[in-house]
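Both chains are given apart, each in its own frame, so use the hints to dock them into the complex.
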Amino acid sequence: AQTVTQSQPEMSVQEAETVTLSCTYDTSENNYYLFWYKQPPSRQMILVIRQEAYKQQNATENRFSVNFQKAAKSFSLKISDSQLGDTAMYFCASLGFQKLVFGTGTRLLVSP
Amino acid sequence: NAGVTQTPKFRVLKTGQSMTLLCAQDMNHEYMYWYRQDPGMGLRLIHYSVGEGTTAKGEVPDGYNVSRLKKQNFLLGLESAAPSQTSVYFCASSRRTSDGTDTQYFGPGTRLTVL
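Chains A and B are the protein sequences, given in the same order.
Mapping the first sequence onto this note's numbering, position 40 (from 1) lands on 592, and the numbers just tick up by one.
Mapping the second sequence onto this note's numbering, position 50 (from 1) lands on 181, and the numbers just tick up by one.
Chain B on its own, in the form it takes in the complex (with noise of 0.2 Å):
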């Protein structure tokens, strides 16, 4: 099992420009997350998914689009990338469980700058 894979690992942007995240998970969990890491802070929920289709938005959502057409994957989008979007992005998939609590397994990250 690859567990959570994310691409790229590592990508420069210029301001207006837009890219996707993939991620992709094997453990055919329910749940699916992406975080930002900022220095000096943890990781902040971007948006989640409870199921192939279904999205919602997190902590911080602004700027940020994503999609889930497949139960495995979960893109998130940058349609017009700022540099404040300059950021390490995790993506992590969980197991649904009756009370919806399960640990979260993550992947490697990507950075992402934005000049």
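Here chain A stands alone, though its shape is the one from the complex (with noise of 0.2 Å):
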């Protein structure tokens, strides 16, 4: 079985500072892969960006990365340089053999 914790229901930033995000996950596969999605006001989910598990080192797309701790089981989003374009709900998700686990979200909010 796999669970996702988003532990943060609602953060704030100002823009152009940096803000993280954090995710636990447990799964039993040995084969697994991450993912933080955004959902904004549009309703759209758009993937943000995919963690491979076998994979040591971060992801990165851009101004966002990931901080992944296997061990931890820990799944942080960090975005640099928040824009307001950023405010939105995130998911982070575990997908193990076909199956796709969503966190509660974290609702994201940019301010000038």
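To be clear, the hints were calculated from the coordinates, so they are not data collected in a lab.
It is possible that part of the hints are untrue.
Unchecked claim - Straight-line distance between alpha carbons at most 30 Å, and here's what the computed BS3-like set of lysine-lysine pairs gives:
{"hint": "1", "chain 1": "B", "residue 1": "K140", "chain 2": "A", "residue 2": "K651"}
{"hint": "2", "chain 1": "B", "residue 1": "K201", "chain 2": "B", "residue 2": "K188"}
{"hint": "3", "chain 1": "A", "residue 1": "K651", "chain 2": "A", "residue 2": "K607"}
{"hint": "4", "chain 1": "B", "residue 1": "K188", "chain 2": "A", "residue 2": "K630"}
{"hint": "5", "chain 1": "A", "residue 1": "K651", "chain 2": "B", "residue 2": "K202"}
{"hint": "6", "chain 1": "A", "residue 1": "K630", "chain 2": "A", "residue 2": "K651"}
{"hint": "7", "chain 1": "B", "residue 1": "K140", "chain 2": "A", "residue 2": "K625"}
{"hint": "8", "chain 1": "A", "residue 1": "K651", "chain 2": "A", "residue 2": "K622"}
{"hint": "9", "chain 1": "A", "residue 1": "K625", "chain 2": "B", "residue 2": "K201"}
Claimed, not checked - Which residues of chain B face chain A? A few of them, derived with a C-beta cut under 7 Å, are:
{"hint": "10", "residue": "L153"}
{"hint": "11", "residue": "G173"}
{"hint": "12", "residue": "L174"}
{"hint": "13", "residue": "Y195"}
{"hint": "14", "residue": "P239"}
Beta carbons: idealized from backbone N, C-alpha and C, even for Gly.
Below you can see the structure in the form of structure tokens.
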């Protein structure tokens, strides 16, 4: 069974600052993937970043990077140089064999 | 490419009515999924399909049926809608890989209200 926990219901950050969103997970799969999805007010689920569990190197995508601590089962998302358009719900998700399990989300508000 | 599309975008039903949600993808993906999203919760898997003609239950399948008659389409049916099925429904698709895992791409969602 897989579980994903996001312990921060809401976060706030000012424009141009850096913010880190936390996520912990548990899985019995040997081969799995971890994701961060962004859901803006439009409701669309947008892939932000993906991490293969077998890779030690942390994934990065422009201003978005992760801190993947496999032993601790931790997968945090760092957003650098925050922009107003980053305001959204952010979901952490764990993908085992065909099954994607989501956390409850963190609402991020970026203010001017 | 349109990616993953869902029809309709909004729907209001009365208790006991039936309806079908349509999901279509043009990425030639083998796997397709239906999720529901309720306030304060992440997405939960209802049913999924690993290929044309095959379906399987997810985490919350009760009250729903699905069909995958064509590779590009995945239908979600509610035979007798209940207020507890008020939710936002998302469809997703992904490629098949040797280990069964790949990034899922989501449709825009359907907001369903059951009165």
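Against the structure, the hints:
Between the alpha carbons of K140 (chain B) and K651 (chain A) the distance comes to roughly 25 Å, so the proposed pair stays at or under 30 Å and holds. For the proposed pair K201 (chain B) and K188 (chain B), the alpha carbon gap of about 19 Å is at most 30 Å, so the pair holds. Simply put, K651 (chain A) and K607 (chain A) have alpha-carbon atoms about 20 Å apart, close enough for the 30 Å limit, and the pair holds. For the hint linking K188 (chain B) to K630 (chain A), the alpha-carbon distance of about 35 Å lies beyond 30 Å, and the restraint is violated.
For the hint pairing K651 (chain A) with K202 (chain B), the CA-to-CA distance comes to about 19 Å; that is within 30 Å, so the pair holds. A distance of roughly 25 Å separates the Cα atoms of K630 (chain A) and K651 (chain A); the hinted pair therefore holds under the 30 Å criterion. Among the hinted pairs, K140 (chain B) with K625 (chain A) is inconsistent with the structure: their alpha-carbon atoms are about 37 Å apart, more than 30 Å. Restraint check for K651 (chain A) and K622 (chain A): satisfied, since their Cα atoms lie roughly 19 Å apart, inside the 30 Å limit.
Under the criterion of a C-alpha separation no larger than 30 Å, the hint pairing K625 (chain A) with K201 (chain B) is inconsistent with the structure, at around 39 Å. Against a cut-off of 7 Å between C-beta atoms, the interface hint on L153 (chain B) is violated, since the closest Cβ of chain A lies about 17 Å away. For G173 (chain B), the interface hint holds, the least distance from its beta-carbon to any beta-carbon of chain A being 3 Å, beneath 7 Å. Against a cut-off of 7 Å between C-beta atoms, the interface hint on L174 (chain B) holds, since the closest Cβ of chain A lies about 5 Å away.
Violation of the interface hint for Y195 (chain B) is found here, the shortest Cβ-Cβ separation to chain A being roughly 17 Å, above the 7 Å cut-off. The closest approach between the C-beta of P239 (chain B) and any C-beta of chain A is roughly 5 Å, which is under the 7 Å cut-off, so the hint is satisfied.
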